[in-house]
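Number of protein chains: 2
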Amino acid sequence: MTSRKRRQFLAFGATLGLASCNKETPAKVDSAAAPTMRPYGDRSPFEKTKRAARESTKSIGVGSSRTPLQDLYGTITPSALHFERHHAGVPPIDPATHRLVLHGLVDTPLSFTMEDLRRFPSVTRPHFIECAGNGGGELVGNAAPDAARSHGLLSNSEWTGVKLSTVLAAAKLQPTAKWVIAEGADACRMARSIPIAKALDDALLVYAQNGEALRPEQGYPLRLLLPGWEGNASVKWLHRLHVAAEPALSYEETAHYTDLHPTGKATIFSFEMEASSVITRPSGTQKISGPGPVEISGLAWSGRGKVSKVEVSADSGKSWQLATLDEPVLSKAATRFRLAWNWDGQPTSILSRCTDETGYLQPTRDEIIAARGPNSTYHYNGVKSWLIAADGSVSNA
Amino acid sequence: MTSRKRRQFLAFGATLGLASCNKETPAKVDSAAAPTMRPYGDRSPFEKTKRAARESTKSIGVGSSRTPLQDLYGTITPSALHFERHHAGVPPIDPATHRLVLHGLVDTPLSFTMEDLRRFPSVTRPHFIECAGNGGGELVGNAAPDAARSHGLLSNSEWTGVKLSTVLAAAKLQPTAKWVIAEGADACRMARSIPIAKALDDALLVYAQNGEALRPEQGYPLRLLLPGWEGNASVKWLHRLHVAAEPALSYEETAHYTDLHPTGKATIFSFEMEASSVITRPSGTQKISGPGPVEISGLAWSGRGKVSKVEVSADSGKSWQLATLDEPVLSKAATRFRLAWNWDGQPTSILSRCTDETGYLQPTRDEIIAARGPNSTYHYNGVKSWLIAADGSVSNA
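Chains A and B, in that order, are what the protein sequence lines are.
All residue numbers for the first sequence refer to this note's numbering, where the first residue is 7 and numbers rise by one.
All residue numbers for the second sequence refer to this note's numbering, where the first residue is 7 and numbers rise by one.
Next comes chain A alone, as it looks inside the complex:
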């Protein structure tokens, strides 16, 4: 083997040449152990990744669980690993008896079964959902050990349902209609007020996720989906739409999900999630097995439209390179970025920053603190860095 070939060979960690291939190739195969076909499949028992949960010890059904972004590939979040944020548990709803009621400032109040909703013209659209609190721990200096705990209140799915505008047209809005108050069937009747412009733009009533019925934790059998807006407003277990002239000023849009200013005042109804990104591989708790070629990969997204570019720095922010974006790049959907890198074995930090089609550039943490003060944890989208040590281990910077 020439020296060049040998370097190439070692670069990918290949340990054996042909001579010993036959010894090494066979995986352990035990045809007697082959499972019979399963009606509904499951993952390999060797796969252990899970959502990172944080449940309240005081109230049943209050808490969150985060998508393990560091273990995932591509752009789709497996439904089993979609993040959760519940305010009063997951109601066990029978779709046969579930109804969506549409009333208020409409000419014809309507009540729909799930089957009624499925007769409407439908659309399928990939979109992310991000909790307004995602990344907020980074602002206040919590050193999240991994991408799940730093940015895992973000997931991305292919959603299918009816445009809310189609259903509102069936009921005929009255001229005074300015807000749609969406209420869930969970125990706390979680409610949010949606401006009529969003309701008539791209809002969806969603009954399917990644090809099959919604999962219980994402609102089965029906949820609101507001592409690009903070997740809390995409009301789950949707059972009521009340069309009104004024917002409800509900608990979840006044006591929470508001942007605190240094003055002590807060902005309400700040729905849009701004451009953000996070490197998921390599990221916290992972280890690069040695110097050589490594792919840096992560997710970028913007609530304002498409990601136009992602830049990656592998030298602690001194220089930036343009990452490749996986096609198709879709509006208000997570985009996978990638950069082929050659790690020289020296300690460094790796960072990513996203620019969206409006020209908006993801800010640094310092810029966010300068603009909003140190306590405004909702809608945090600062540039995230991971530290790589000489032994290849990756940790929060």
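None of these hints come from the bench; they were simulated from the model.
No residue lacks a Cβ here, since even glycine has one placed at the ideal position from N, Cα and C.
Please note that a few of the clues may not be correct.
What the hints assert, rightly or not - Facing chain A, from chain B, some residues (calculated, C-beta under 7 Å):
#1 101
#2 127
#3 214
#4 221
#5 346
As the list claims (entries may be wrong) - Listed next, the in silico DSS-like pairs over lysine-lysine satisfying Cα-Cα at most 30 Å (straight line):
#6 A:312 to A:204
#7 B:312 to B:169
#8 A:312 to B:315
#9 A:312 to B:312
#10 B:315 to A:169
#11 A:315 to A:293
#12 B:293 to A:169
#13 A:315 to B:169
#14 A:324 to A:271
#15 B:293 to A:178
#16 A:312 to B:169
#17 A:56 to B:169
Since the structure of chain A is already known, use the hints to place chain B on it.
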């Protein structure tokens, strides 16, 4: 309520106005029954759809199970419902000990761990996989009761992995290399010969499916993926790539997966899956709840590139209307089509036909029989119709 409004109201099956909304709205909510957060979620217990399995009673691990297309939405097939076709069971492979060996007509034979493969630059691409036998029952007149049994050997996923060309470049192909023989680690060592042009074009070594690791039934931890080609050639549980000057003429590319001609001769290496489509809703075993607006929806695909149009007939083939295609329409990926229809309550047949970007139009069953004879069941892609009876029930035409 005016007469026009009343018609609109009834058209969507809405049964109640506002006065009784409060009685009807609440779903049964029992917060005490709310599950604690699950590390890896599952579907609602009300959801029962499953793969339609057919296993050999004589040989362990031989058989197929079909995707229940009639119950699905959008374009992604949930991994738990991806079709299966096994020739010797599902090997339970430990990814830590699995190796891919690349040898034959290359300058540097290589052996890769899964971690080695993940260090290469990767890509994520949505593609369908279709078994060459999909739809063949339609040719020979089996009246499949539902879309699973007529067309369910088709699934569509977001796949992530390394381009095969990248890995071949690391080993450096010799000038005499014309075929890559891919072998699986299942008990029968299923093997297929891949022309080098496809290997260097869009072939992938895939380790992830719909965001997470491949499922065992789809080749965990590594499979070949040949976009647009018959599924059997996308070898699962991939452990060996042998680069050669001639094909292997393996069992699965000579005794099976060949196209029989009326003369008794057969074509081998006919890999490409031609344009096809199937209406999945309404389809066999479903029932339209009554006259009025109904969405006709289904899937279309082509192994040659993008779907350019889908036409739907709701009058037994007398006239055709252009269906809407869900964006983005991707090459060698399933495309969802939709047509808003108003069912008048009369018996009829509904059909779909796909044209791909090469201008190829999906043929009728009669055209296929005229061209290939009545026994050539592989690569069947005839236009599929469903019969709607006066009571709204749908069956195979």
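Original post:
Taken at face value, is the distance from the CA of residue 169 (chain A) to the CA of residue 293 (chain B) at most 30 Å?
Top reply: 24 Å, holds
Subject >> residue 221 (chain B) as chain A interface residue, shortest Cβ-Cβ below 7 Å >> reply: With a closest approach of 5 Å, the residue 221 (chain B) hint holds.
**OP:** Take the C-alpha atoms of residue 56 (chain A) and residue 169 (chain B), compute the straight-line distance between them, and say whether it is at most 30 Å.
**Re:** Since the Cα atoms of residue 56 (chain A) and residue 169 (chain B) sit roughly 28 Å apart, the hinted pair holds (cutoff 30 Å).
Original post:
Is the interface hint for residue 214 (chain B) satisfied, with its Cβ closer than 7 Å to some Cβ of chain A?
Top reply: 4 Å, holds
Original post:
Within a Cα-Cα threshold of 30 Å, do residue 312 (chain B) and residue 169 (chain B) meet the stated pairing?
Top reply: 20 Å, holds
**OP:** Verify the proposed pairing of residue 315 (chain A) with residue 169 (chain B), using a straight-line Cα cut of 30 Å.
**Re:** 23 Å, holds
Original post:
Has the given pair, residue 315 (chain A) with residue 293 (chain A), been kept, meaning a C-alpha gap of at most 30 Å?
Top reply: 27 Å, holds
**OP:** Against chain A, run the beta carbon of residue 101 (chain B) and see if the smallest gap drops under 7 Å.
**Re:** 6 Å, holds
Subject >> Restraint check for residue 324 (chain A) with residue 271 (chain A), where alpha carbons must lie at most 30 Å apart >> reply: 37 Å, violated
Subject >> Straight-line alpha-carbon gap residue 315 (chain B) to residue 169 (chain A), limit 30 Å >> reply: 23 Å, holds
Original post:
Can the restraint linking residue 312 (chain A) and residue 315 (chain B) be considered satisfied, given a maximum Cα separation of 30 Å?
Top reply: Satisfied, since the Cα-Cα distance of roughly 26 Å is no more than 30 Å.
Original post:
When you check the alpha-carbon spacing of residue 312 (chain A) and residue 169 (chain B), does it fall within 30 Å?
Top reply: 26 Å, holds
Consistency with the previously given hints fails for number 14 only.
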